[in-house]
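Asks: Now for the letters of each chain:
2 protein chains.
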Amino acid sequence: MQRIARAVQQGAAAFLRREYVYVAIFVVLVSALLLGLSSVPEFNLSPWTVVAFVSGALASGLAGFFGMQIAVRANSRTTQAASKSLDGGLRVAFASGSVMGTTVVSLALLGIGVLIIVLSGIKNDPQQVAGALTGFGFGGTAIAIFARVGGGIFTKAADVGADLVGKTEAGIPEDDPRNPAVIADNVGDNVGDVAGMGSDLFESYASSIIAAISLAVLSSGVAASGAGSTLGIGIPADKAGAAQAYPLLIAALGLIVSIGCTFLVRAQEGATQGQLLGSLRRGVYSASAIIAVLMIVVALLLDLGIGVAIAAIAGLLAGAGIGFSTEYFTSDTYRPTRYLAESSEGGPAIVIIQGIALGMLSVVVPALIVIVATLVAYSAAGLYGVAIAAVGMLSTLSITLATDAYGPVADNAGGIAEMSHLGKEVRERTDALDALGNTTAAVGKGFAIGSALMTALALIAAFVSVTGVQAINILDARLITGFILGGMLPLLFSAQTMTAVGKAARGVVVEVRRQFKEIPGLMEGKADPDYARCVAISTDNAIRQMILPGALAVAIPVLLILGARLARDTEFERFLGAETIVGMLIGSLLVAFMVAVLMANAGGAWDNAKKYIERGNLGGKGSAAHKAAVVGDTVGDPFKDTSGPSLNILLKLLAIVSLVMAPLLR
Amino acid sequence: MQRIARAVQQGAAAFLRREYVYVAIFVVLVSALLLGLSSVPEFNLSPWTVVAFVSGALASGLAGFFGMQIAVRANSRTTQAASKSLDGGLRVAFASGSVMGTTVVSLALLGIGVLIIVLSGIKNDPQQVAGALTGFGFGGTAIAIFARVGGGIFTKAADVGADLVGKTEAGIPEDDPRNPAVIADNVGDNVGDVAGMGSDLFESYASSIIAAISLAVLSSGVAASGAGSTLGIGIPADKAGAAQAYPLLIAALGLIVSIGCTFLVRAQEGATQGQLLGSLRRGVYSASAIIAVLMIVVALLLDLGIGVAIAAIAGLLAGAGIGFSTEYFTSDTYRPTRYLAESSEGGPAIVIIQGIALGMLSVVVPALIVIVATLVAYSAAGLYGVAIAAVGMLSTLSITLATDAYGPVADNAGGIAEMSHLGKEVRERTDALDALGNTTAAVGKGFAIGSALMTALALIAAFVSVTGVQAINILDARLITGFILGGMLPLLFSAQTMTAVGKAARGVVVEVRRQFKEIPGLMEGKADPDYARCVAISTDNAIRQMILPGALAVAIPVLLILGARLARDTEFERFLGAETIVGMLIGSLLVAFMVAVLMANAGGAWDNAKKYIERGNLGGKGSAAHKAAVVGDTVGDPFKDTSGPSLNILLKLLAIVSLVMAPLLR
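Going down the list, the protein sequences come from chains A and B.
Start counting at 1 in the first sequence, then tack on 1358, and there's your number in this note's numbering.
Start counting at 1 in the second sequence, then tack on 1358, and there's your number in this note's numbering.
No lab work stands behind these hints: they were computed from the structure.
Some clues are possibly wrong.
One copy or any two copies: either way a pair holds, since identical chains are not told apart in the list.
[Claimed, not checked] Derived pair list, reagent style DSSO-like, types lysine-lysine, alpha-carbon separation capped at 30 Å:
(1) LYS1782 with LYS1979
(2) LYS1525 with LYS1861
(3) LYS1985 with LYS1481
(4) LYS1875 with LYS1782
(5) LYS1884 with LYS1979
(6) LYS1782 with LYS1884
(7) LYS1442 with LYS1969
(8) LYS1442 with LYS1875
Small disclaimer: the values here were computed from a predicted structure and weren't measured.
Next comes chain A alone, as it looks inside the complex:
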């Protein structure tokens, strides 16, 4: 057991080392770009943005590092604890998830806090401070794009590579330690769901707070210039200070409440799935209820009025609602996935059609929830309210993320139990914990998309307020063409990430075949495979495949904003302006959100429909229905683990890059 666990630890460490080398190169390149831009005085870009950018990257990178370290150490301990009791296993796995949640949230808050204090000391202009602060969110994105996009490609490439050669060609079972790619596969689970999810939510968390602060700062600037009400920020100038403090306060209180509520998570021996889920929910819902009360108290204490609290609570409820909607559409206890499983009797084509239809339908509820939350937040507290809704949704992140990060730990614990040939009872306990992890992972994905959308909305609000383009002609051709351009980007991006998995997997396949052939005694279990090489190859291939989509996502807003700046006051102003960027951001937000929900839910439902059949329904394993369901699941893999989650990053990346560069268009 310890040997395998160590191999996973070493693999994870190898992955992180390699990844962080690429991240460092990226951070240096972007810093140089930002420095170059800030050296042009009329671009209004503060060089402190670079400092904030590097800090954000460091903080998110550290959070990912700690999270991975804990997760790959907690898995064998979970197996160990599960060999004694179910509650023990649950507690160890959940505690390790809590470390991830707490680390992400603490580092984000710490970074923002320190930056505000330092920057305010150096510059006495709140607007400059807020502008530089946006760099911190951008830094978080730099990590997220590698962990989520690169990691998403990595995890599926290793998975496909391991299965294709191991299961299909060599005929050895899944998770067999003789398979050279098995460790890469296990590392991949942690990369996707721990580091990927963590960095994704780090970014949402930091950016939503920064967007709220930026809007609060702008409201004071606006009042000074007397343009107040047209901006619709929703905060009177004399409350600007309190409005800056509010998001930080509820975030900090949310952290404390969440840590307290993690102790509510416990289970009795022989607990059903429902009871286990209930136990996790007890923790999350208690934290939400307490923080909701505190949101009101703090709003009243700061004399901000009840409106901001209403906005924050609207966000909190929307997050829970989107999570529940995701569960409804992807869990086999409800009608949609059951129906999908039944349709697999009609063959693979029918399963695909039904799955895509399910994914499309599943967009409706989250969209309606976002609509209601936005209307409520806006009418309660203006644009600032929209940003506060995003902060509110993420206020209990530390415990929400704990339930997500718990999943891969439990999954790995099961794998370790399998590979170490532990007793049936232990397997049953780890299976129960693993199944729970699948549900929380689906809910977590929905939550991540929803919070990405709200965060991006908040960032766009800040961008619009900074550049002052809000009152525009809705049919301005720049705006319309921006929409179409923005709507196209998520599709271009997804087309690349979907084909990236196949391309990255090829290298893994070649390497696994080589090791099977060249390492003597491997198949007999007498020699160890070279796990590290498989991890290294998966990492390199994944990073290579993410360069094009990643570069695109950074380059397009940068080029558009530079172009708009250069076009200003020239003949070309009619074709390109801040309006184009606003249109692009809103178009990409819309399409990325819809496609991300579609992909995540279709993928989740296909996965669970297959598992439902494997549990003996509709003919069980090996039936025609099962074969069809496997096709659905295979299509769903890049949907739910690579392309879908990558879109979260895309939509926030476009918005945060635009906001960082917004001073150019002021």
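With chain A's structure known, arrange chain B on it following the hints.
Replies: Relative to chain A, chain B alone:
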């Protein structure tokens, strides 16, 4: 041969009769609704809108009726002519397509012309005339929704039903006259590509002209109220009359030029696919070149300036560009479809992933084309320019549509040759004509989507100008929530149309099974199956399945506009207003366009990848690659023939209904 042709004719007649009964009910219901609304004086809705609505429905219905009558008569004549020479076959098939093209265009122009003359005689207010005129476009939509959505479900339900029982269960070949659903299947080809495509483009054609006229009329009204330049319509008030005449003139000239150029389409015996395609293109490109010159001449004669001609030509080029992009992504002579075919060696899941990635990627080029065309048209002639670009794109519709409507005639001719056991030489000629039809069908689909988008843009421009909401806060929560709502609608709509095919097919399957069992001597070819009953059942089921999505598409804009009218000057104004509808229209435009292109191109590429393998590549028929490609093709069927094309209707329907009801929000 004649017996089968007659059966198809009778089937088509039966389909049209049944369909038109439902259409009549729909028209009566909507007329009653419009009459009711127009009886409320403060709603500003002219009762003449109802007259225009009924006229539009009649005109489009007549065009569909003539087109179908000709198409189902031309098929056996094409077979007959093809038994003598390839040129003869091509000319007969193309001539029948030309009849459809000419009928659609003439009836649209005639309807609009007569309405303008009559309405101007009765009311002396151009704004009232233009308002009522929008009803004509809406009437066209009433037919289009039945022909395109209902017809799309019909054609695939009949196809699936015929194949499932005939090929799979009874083991008789495709297109076998003993199969009771074979006639419904043949009728379906005509319904989808003749009546569906025709009514879709009728609507685009009429609506784009109406939108241009509306904007021209508004420009005079605006100047009178002195708000001129902010509207950005782009036409000075004293040119309003000429600006109304311009779209009608270029449309009429386009008709004449197109008819002339149909005579350029001819072929030599033994012509290759490239030569056949070149021969069709000679006709289309000549017409385009001539009309481009005339666009300039007319613009100068009317003293409108060269700007409007530039806008019109931008539209014309955009249409050709989108058509070519579609061909590139779906024809197996180019890289994307070849690559897709190769990927089928990796199994069904890989084919699906690659096909969806191809579809996503294929959105990029048409999106860029639309962006450039919109920017050019807008900067050349303002919002009016955008509407004129749509008119320009459709100016050669009569010959473009001829190349589309030619397809199913050639397809049916091949089927008749097969069923009548004609010689190998004849089969080869009809096969060549059929293959050409597949290419033109794909190009036609791209063109239909592109023109739907430009038309919807023009309609939205008119809506915004009528309601006067153009200068708004881009971050108004109503606008943002409208975007999200609008973006969601195409997915909700597609989820329904995709599952509708399966549901409608069930009834056909039951009926075919019944006939095989109960009609004695059927399998031995001694008794005739009851073709008409299969047609009737397919029709009824298809219409039943389209009620929900169709009703949704009409009800949502109606309810939103009524709601916005009632919310006006109340507390609820903050949540619902004209801004919501504008947002909804733009959001739906964006998502519907992208999903429609994705679906049409992925479906077309899967289809051609399968055919490419069937021609002996990659292992040919029966290989594992072929089996995988068949799964792709089956998924692609509802994509390209039902859900994708239905989205054209959705996006125009939402816009035209909103424009018809726009006076409520004036």
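Asks: It remains to establish, for every hint, whether it holds in the given structure.
Replies: These are the hints, each one checked on the structure:
1. LYS1782 with LYS1979: Result: close within a single copy only, 20 Å intra versus 48 Å inter.
2. LYS1525 with LYS1861: So LYS1525 and LYS1861 pass the 30 Å test inside one copy only (20 Å; across, 38 Å).
3. LYS1985 with LYS1481: Classified as neither; 64 Å inside a copy, 67 Å across copies.
4. LYS1875 with LYS1782: neither (34 Å within a copy, 54 Å between copies)
5. LYS1884 with LYS1979: neither (32 Å within a copy, 45 Å between copies)
6. LYS1782 with LYS1884: within (26 Å within a copy, 65 Å between copies)
7. LYS1442 with LYS1969: Intra 27 Å, inter 60 Å, cutoff 30 Å: intra-copy only.
8. LYS1442 with LYS1875: neither (40 Å within a copy, 64 Å between copies)
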